[in-house]
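**Student:** Protein sequences, first through last, are from chains A and B.
Under the UniProt record's numbering, think of the first position of the first sequence as 1, with each following residue one higher.
Under the UniProt record's numbering, think of the first position of the second sequence as 1, with each following residue one higher.
By construction, these hints were calculated from the structure, which means they are not laboratory data.
Just so it is clear, the structure is predicted and the values come from calculations on it, not from any experiment.
Please note: incorrect hints may appear among the correct ones.
Copies of the same chain are indistinguishable here, so a pair counts whether it falls within one copy or spans any two.
Quick list of in silico lysine-lysine cross-link-like pairs, DSS-like style, CA-CA up to 27 Å [claimed, not checked]:
1) Lys187 to Lys134
2) Lys290 to Lys187
3) Lys233 to Lys134
4) Lys314 to Lys290
5) Lys326 to Lys314
6) Lys134 to Lys314
Number of protein chains: 2
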Amino acid sequence: MKVVKFGGSSLASGAQLEKVFHIVTADPSRKAVVVSAPGKRHSEDTKVTDLLIACAEQYISSGDAPELCEAVIERYAEIAQELHLDQHIIERIRDDLFTLLNGDKSNPVQYIDAIKASGEDNNAKLIAAYFQHKGIQAEYVNPKDAGLFVTNEPGNAQVLPESYENLYRLRERDGLIIFPGFFGFSKAGDVITFSRSGSDITGSILANGLQADLYENFTDVDAVYSVNPSIVKNPKEISELTYREMRELSYAGFSVFHDEALIPAFRAGIPVQIKNTNNPAAQGTRVVSKRDNTNGPVVGIASDTGFCSIYISKYLMNREIGFGRKALQILEDYSLTYEHVPSGIDDITIILRQDQMDGSMERQLIRRIEEDLQADEVIVEHNLALIMVVGEAMRHNVGTTARASKALSEAQVNIEMINQGSSEVSMMFGVKEAQEERAVQALYQEFFAGVLIS
Amino acid sequence: MKVVKFGGSSLASGAQLEKVFHIVTADPSRKAVVVSAPGKRHSEDTKVTDLLIACAEQYISSGDAPELCEAVIERYAEIAQELHLDQHIIERIRDDLFTLLNGDKSNPVQYIDAIKASGEDNNAKLIAAYFQHKGIQAEYVNPKDAGLFVTNEPGNAQVLPESYENLYRLRERDGLIIFPGFFGFSKAGDVITFSRSGSDITGSILANGLQADLYENFTDVDAVYSVNPSIVKNPKEISELTYREMRELSYAGFSVFHDEALIPAFRAGIPVQIKNTNNPAAQGTRVVSKRDNTNGPVVGIASDTGFCSIYISKYLMNREIGFGRKALQILEDYSLTYEHVPSGIDDITIILRQDQMDGSMERQLIRRIEEDLQADEVIVEHNLALIMVVGEAMRHNVGTTARASKALSEAQVNIEMINQGSSEVSMMFGVKEAQEERAVQALYQEFFAGVLIS
């Protein structure tokens, strides 16, 4: 049995929904379909989720947003018309939306979250209606009825373990399950969304709960590329990679699959197959627990910009019990998350995403580190890029580091930082943002040149 | 004005003391002489400090230690006889030692500390007598009278800042100052020792307090070598290096100069000259704030064994605010100090000296990490060596990493960990202990082959 998830671009129009219909019905083992809200039809288009956020915000500020509401409903109406569906479904969506918009605004975060989630919820209703219209036994299932409970963290929900048992009971149902992605319910009964693009997470949770054999994730690319195609032209596609490799790649700039979405599937050992709605014949990329390493040590290279480093030095730091812990505590006091903490004998460097702090917070932070820790020197460097070279086979491959650093050196890239822990499946290089492209190209050339495009 | 410090092997016999006399008197700017206790005369010999520790321990357990006491006094007596000194000085040393041994034993740590320190203290008295005997105006100065105050941490004293002002007043004295190394006094008036080999620290403190132009540290090697001579034959000598480079090298296995001893000199910007008592004509090694980089990016390679790594992985660790801090807190609860913390997205590795924990503590620690942090996996790996490749010029030298990792790769050394932070003057490689020698030899070959022995 398979759980299939479709992203927003796969559901942006009636034509796209027809492709979805053919994909789902082509394989009778496809039991549950998780859907996003309608996405962009073309690059200038606006996603329904973004329209809904704007709509909710305008309702909060002015109590009304007629144009935005109509724009949302129009997107569903167009699709329904294209597919010759009964207008009744659009009336239902309109009613549901206005009920929500006129609901309790005393908790604005909660309010916006519920409106946001309606994009997926109404799309699931529409798609269930479409499948029924085509004579398929299909049913919209509400996450509350299904028992998908999450923590009360709007925009950042975490699934509660009991949900898996609840969802397992969906197996008893006949016919197709059409399930909205992106949100669950708090124990108090409120809609709470996952982080953005969280429909991938819903699909993974459902696959786990239903104990599916496969979680298929349909998107708009043929496969996960081994490197960002905007940096390297026509890069190699990855046919198979492990959860860990995928996690490392999706962390730093690979947006094909949601960062957190792998976990439920990973925990249940369910393979994830990434496929293209617009080209379902393409092999796609399979994410598995273990794989054969046939194509060299590196499976992919990811990079991301917007990092800064806080370098802290203090003579005899090494001797001071608790220094590193205290430095991290100060970051925690400012709710800052960090990525890496390379250290020397008398210094540590904390690397974090720089958009977490503005100039004022940065000055405060530096002062606190200087004063509380009696640091000799605190230096912040902005605009760094982190490059992850990822591959399980790097683990005990003598020479991978040498190849990577030689490639960077020959490209005249200065390595600001290196981080490679034991049992690592990745190697991290920190470089200046201006050198990111050159660095990634050099690494790709080193590890993928001469490898046939599969 | 110069402060000169002599190590134990430079003071082990009358013949050695004659060399010391010639060195000190050859340069009238040598004002203060800091002395260790008599060291080994040959490789099978026992240091006076070790005899004293055994003596103190036996006094605590049995109230007496006649043979050990005589062995200590005999060392001084032999030197006095060799130098034709009045026996009166030996009587004074004997009286001082027995007064201490019969003193208050209610605090054994304090008691042993005071006995240990008498090795230096009595040697300073003996050497002052010798210089006087030779017609030189020289005076033993007691650290208490001089105002060298330290924290009350026996075996790990830290100098109190007021000491520097107190010591400055020694400038007013005429003639040579003979000052015992290794200890100061607590504000309560107790003898408190620095960490082992702490006479280097005393010399550095005195140089700072006296605002000396140079701190000369006489030992038994011609210079600091660029690599451990027991791993590479006839290695290059280092003629000049910076405080930071020295600190990084002395940290990992370079025992020429005490790890902490550089700080007071560093803070006052006083150069440190390391020279050989047995070959004072040799150029030696100079430690300075800044130096010209003429001989390539690497100044030295140090390595040390006996490390272990604790690898902790947890899915989505990266997202959990405070994870690293909590892990370090657990180590702190066990009073464990760590060296490096390389990290991945979902894992961190903590590298520490393995002699800090026994099997039972290790099992407890792992259990706490697993339970408190809900870690997915905790793996401890023992018997690692850390190799430090050190050089200020590495900082912005494109390609040093590549050269180092290529050299290791060609020597078939598997790099378990790499750590290189921003603004680093060193690069750390973790390898298995069994591969340490091969790794160091390969790195030396890469960075020093073809460089003329200066």
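**Student:** Give a verdict on every hint.
**Tutor:** Tested hints:
no., hint, verdict
1, Lys187 to Lys134, "neither (36 Å within a copy, 91 Å between copies)"
2, Lys290 to Lys187, "neither (37 Å within a copy, 64 Å between copies)"
3, Lys233 to Lys134, "neither (41 Å within a copy, 83 Å between copies)"
4, Lys314 to Lys290, "between (44 Å within a copy, 18 Å between copies)"
5, Lys326 to Lys314, "both (13 Å within a copy, 22 Å between copies)"
6, Lys134 to Lys314, "neither (71 Å within a copy, 45 Å between copies)"
Hints 1, 2, 3 and 6 from the earlier list are contradicted by this structure; the remaining hints agree with it.
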